[in-house]
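A.B. asks: Single-letter residue listing:
Number of protein chains: 2
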Amino acid sequence: MSEAVQTRAESMISELFSERSRLAGTGPVGLDPKWVTQMIAFGGGFPDPSSLPILDLIDAAKIALQRDGEWALQYAFGSGVPEIVEQLTRKLERDQGIRAGVENLLITSGASQGLALIFELFLNPGDVMISESPFFLGAVETAKANGAEVVEIPLDDDGIVIADLRGALERLRAEGRRAKFLYLVPTFQNPTGITYSLERRRELVAVSEEFGLPIVEDDAYFDLRYDNDKLPTLYELANDNGLVMYVGTFSKILAAGMRLGWVVANPEIIRHLSGLKNDSGTSPFSSHIAAEFAASGTLLEHIGHLKGLYRTRRDTMLAALDASMPDGVTWTRPDGGFFIWMTLPNGLTCDAVSTKARENGVSVGLGTMFFANGTGDDKVRLAYSFNNEVEIERGVGILATVIRDLLRDAPETA
Amino acid sequence: MSEAVQTRAESMISELFSERSRLAGTGPVGLDPKWVTQMIAFGGGFPDPSSLPILDLIDAAKIALQRDGEWALQYAFGSGVPEIVEQLTRKLERDQGIRAGVENLLITSGASQGLALIFELFLNPGDVMISESPFFLGAVETAKANGAEVVEIPLDDDGIVIADLRGALERLRAEGRRAKFLYLVPTFQNPTGITYSLERRRELVAVSEEFGLPIVEDDAYFDLRYDNDKLPTLYELANDNGLVMYVGTFSKILAAGMRLGWVVANPEIIRHLSGLKNDSGTSPFSSHIAAEFAASGTLLEHIGHLKGLYRTRRDTMLAALDASMPDGVTWTRPDGGFFIWMTLPNGLTCDAVSTKARENGVSVGLGTMFFANGTGDDKVRLAYSFNNEVEIERGVGILATVIRDLLRDAPETA
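Protein chains in written order, with the numbering used here: chain A, 1 to 414; chain B, 1 to 414.
Just chain A, with the same shape it has in the complex (with noise of 0.2 Å):
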């Protein structure tokens, strides 16, 4: 086809695109995952290559489809193959201290898929949602998708502010409205990495039902803690009060490829998200592998072992950045998960920071990219999740010369 008729069949097909679409906007065609390696990546939240488990997903796989195959490649319409939601049950008794039935359960292609459906099951463009802020960029793209409103409320060290919040939704209530949910990620939080205290939780839930405030849990690093006692769930704190939805996915303690995550909820969300799921059913194929990799045991050895590995990571970035960066820089230090969060001093900008670490082949995450609102201008996002100890060593080094380097080149101008 000629360009010409291209560029004509274009302009008529986009005329007839719906609202959603409008505000969706376009995605990626053609990336090659690859690229990824090709620079330090610190700024993705991508598993560390080496520690998939291959080998053991080999076993799984042929173990599961030896036994189960002709389910596994069947189709199984619905919440999730029961296989998958036995093992899960399990998992989440025991590690989360969730004690949840089929009904509060629904299988997800990934935590992703299950949060672009809750937000879907509340929001009608314009309505408002509540989020922490910063918070990640995922859920930011799915609320600017689904046309939300969204009341940024900031966080210290312990999580969310509760006096903010709680500012927020009276003079929500004042105007007659009424948000539709909170959405937060209380556990090595994604972008900063701090996590709620048990103090802050409890508040939390108390203010959700005072205000009759669903709130979905993000709680994607629940599992790859790495000091300190893990911390009741917002979700098991609001022992069955119906307004907590708790997301999870097997993305960072299986492999992020096999697209497998959840939702736990009350069972008429549940219902309702099974409604919304167009998909005819979560991959029973990874499904029955994945089922057999938490049944054999192999899933809590594996997190055992992230759990080493990452720690070491975070203890790697932590020291080099203690040991490299300049004056003025700061961060957190995060219990666990993937992700530090660093503020750039006297008005330096994440795009500055981050354009001259490319060209010196190291990606960081934009701040801005973690806020609805357009700020997020000095704060960048360090994934040490997917490289090794030398390379996050070099890695930090190469960003603490780029910033030093701006910090002399630029006039102050905070």
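FYI, nobody ran anything at the bench for these hints, they're computed from the structure. Some clues are possibly wrong.
[Claimed, not checked] Here are the computed lysine to aspartate or glutamate pairs in the EDC-like style, where the Cα-Cα straight-line distance is at most 20 Å: (1) A:Lys34 / B:Glu86; (2) A:Lys307 / A:Glu70; (3) A:Lys144 / B:Glu19; (4) A:Lys34 / A:Glu359; (5) A:Lys91 / A:Asp240; (6) A:Lys34 / A:Asp48; (7) B:Lys307 / B:Asp95; (8) A:Lys230 / A:Asp59; (9) A:Lys356 / A:Asp409; (10) A:Lys230 / A:Glu86; (11) A:Lys62 / B:Glu70; (12) B:Lys62 / A:Asp335; (13) B:Lys356 / B:Glu301; (14) B:Lys230 / B:Glu203; (15) B:Lys34 / A:Glu86; (16) A:Lys307 / A:Glu391; (17) B:Lys62 / A:Asp56; (18) B:Lys62 / A:Glu70; (19) B:Lys34 / A:Glu70; (20) A:Lys91 / A:Glu301; (21) B:Lys34 / A:Glu103; (22) A:Lys34 / B:Glu70; (23) B:Lys230 / B:Glu199; (24) A:Lys34 / B:Glu103; (25) A:Lys62 / B:Asp59; (26) B:Lys307 / B:Asp229; (27) B:Lys356 / B:Asp377; (28) B:Lys307 / B:Asp48; (29) B:Lys144 / A:Glu19; (30) A:Lys356 / A:Asp405; (31) A:Lys62 / B:Asp56.
Following the hints, position chain B against chain A.
C.D. replies: Then chain B, alone, in the frame of chain A:
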């Protein structure tokens, strides 16, 4: 939680649900996929369990994971991992006569997700779409979930009736309205089994160009042809005019449980579908394994095997119908695919037949599920894909007895 608290929480939460969720309704939760083994299952379009290539997939999984495990188990955002895109491009050119570049392709979680994304791309609530009458029940549900007004156009033996289609388009134009797209299954149509003639395909493309009407060509059964030569796809006939979206799937030729399908379309459409696809990419795990299955030549061999197997089943079902159905019952004779469409005589309803058949161990597809307008009471869909020949003969025998009994007992109403 007490039942009273649960009920209060559910009613409080459901007040907050979006318009979109209200349209979509609830979905199944806790459904055991093994229910289909409890009866002779003519109801669903389930692939034959014994045909699923379990051992070949174990081999493909081993090879793909050993070679590319780091990428099969990692995130891959965007339109599809390069390995499956390459294999699909070859398959489409070899079998379907479709030349597609990376920019024309989106890999989806089955054709279901592809259709759902296309419907979302075009439809605002209240928008008009055009369908065949009857049409695929998954599309009926997706149309409802998007709040579409469906204009249903009758089929004859050669496809959608062009005069009726043209009449509907002219009526819409006179009202100042425009249909967003036409959805159809031109080859071994679901549910009727009919195939559009070459002439009808050409006429359709001409009407589409005349009215600027996009066409969604759902070709899930393309490879499963048992008689006569293959016909060109609408996508090929439209010769890159940008108006045809071609949807396909590995569900019928490899494994429904792997949830792999695709959309071929204009690059502008693909970019926007990718924007709506909020699941962080279709499974790299399944994609790498399916790509290996295709690259090794096993897919092509397997399709040949399936054609022989399903041809025999179709012949068995047709012969059994010929031998046992009472006068007045009529049915289609498909050249391929999974389905036969039966018309009941004398006011007999599909509900009555289905209820009585179930009591006797046979499930059928209710005709009413394949219309958006509430008709189809005298229609039944029979799938010959799931059961073996002995079961097919027994099932048709039971069904014939059920129909004969109902005809004898019921007063003639038509």
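A.B. asks: Between lysine 230 of chain A and aspartate 59 of chain A, does the CA-CA distance stay at or below 20 Å?
C.D. replies: violated (31 Å)
A.B. asks: Between the alpha carbons of lysine 307 of chain A and glutamate 391 of chain A, is the straight-line distance 20 Å or under?
C.D. replies: holds (19 Å)
A.B. asks: Is the Cα-Cα distance between lysine 307 of chain A and glutamate 70 of chain A 20 Å or less?
C.D. replies: violated (35 Å)
A.B. asks: Is it true that the CA of lysine 356 of chain B sits at most 20 Å from the CA of aspartate 377 of chain B?
C.D. replies: Since the Cα atoms of lysine 356 of chain B and aspartate 377 of chain B sit roughly 15 Å apart, the hinted pair holds (cutoff 20 Å).
A.B. asks: Taking only the CA atoms, is the gap from lysine 62 of chain A to aspartate 59 of chain B under or equal to 20 Å?
C.D. replies: holds (9 Å)
A.B. asks: Check whether the Cα positions of lysine 62 of chain B and aspartate 335 of chain A lie no farther apart than 20 Å.
C.D. replies: Distance of about 36 Å is beyond 20 Å: violated.
A.B. asks: Is the straight-line distance between the alpha-carbon of lysine 230 of chain B and that of glutamate 203 of chain B 20 Å or less?
C.D. replies: OK: lysine 230 of chain B and glutamate 203 of chain B at ~18 Å, within 20 Å.
A.B. asks: Need the status of pair lysine 356 of chain A, aspartate 409 of chain A: alpha-carbon distance at most 20 Å?
C.D. replies: holds (13 Å)
A.B. asks: Run the distance test for lysine 91 of chain A versus glutamate 301 of chain A: straight-line Cα separation, threshold 20 Å.
C.D. replies: Between lysine 91 of chain A and glutamate 301 of chain A the Cα gap is close to 13 Å, so the pair holds against 20 Å.
A.B. asks: Within 20 Å, alpha carbon to alpha carbon, are lysine 34 of chain A and glutamate 103 of chain B?
C.D. replies: holds (18 Å)
A.B. asks: Holds or violated: lysine 144 of chain A and glutamate 19 of chain B, Cα atoms, limit 20 Å.
C.D. replies: Within the cut-off at roughly 17 Å; holds.
A.B. asks: Is lysine 62 of chain A within 20 Å of aspartate 56 of chain B, Cα to Cα?
C.D. replies: holds (11 Å)
The structure fails hints 2, 8, 10, 12 and 13 (numbered hints given earlier, in ascending order).
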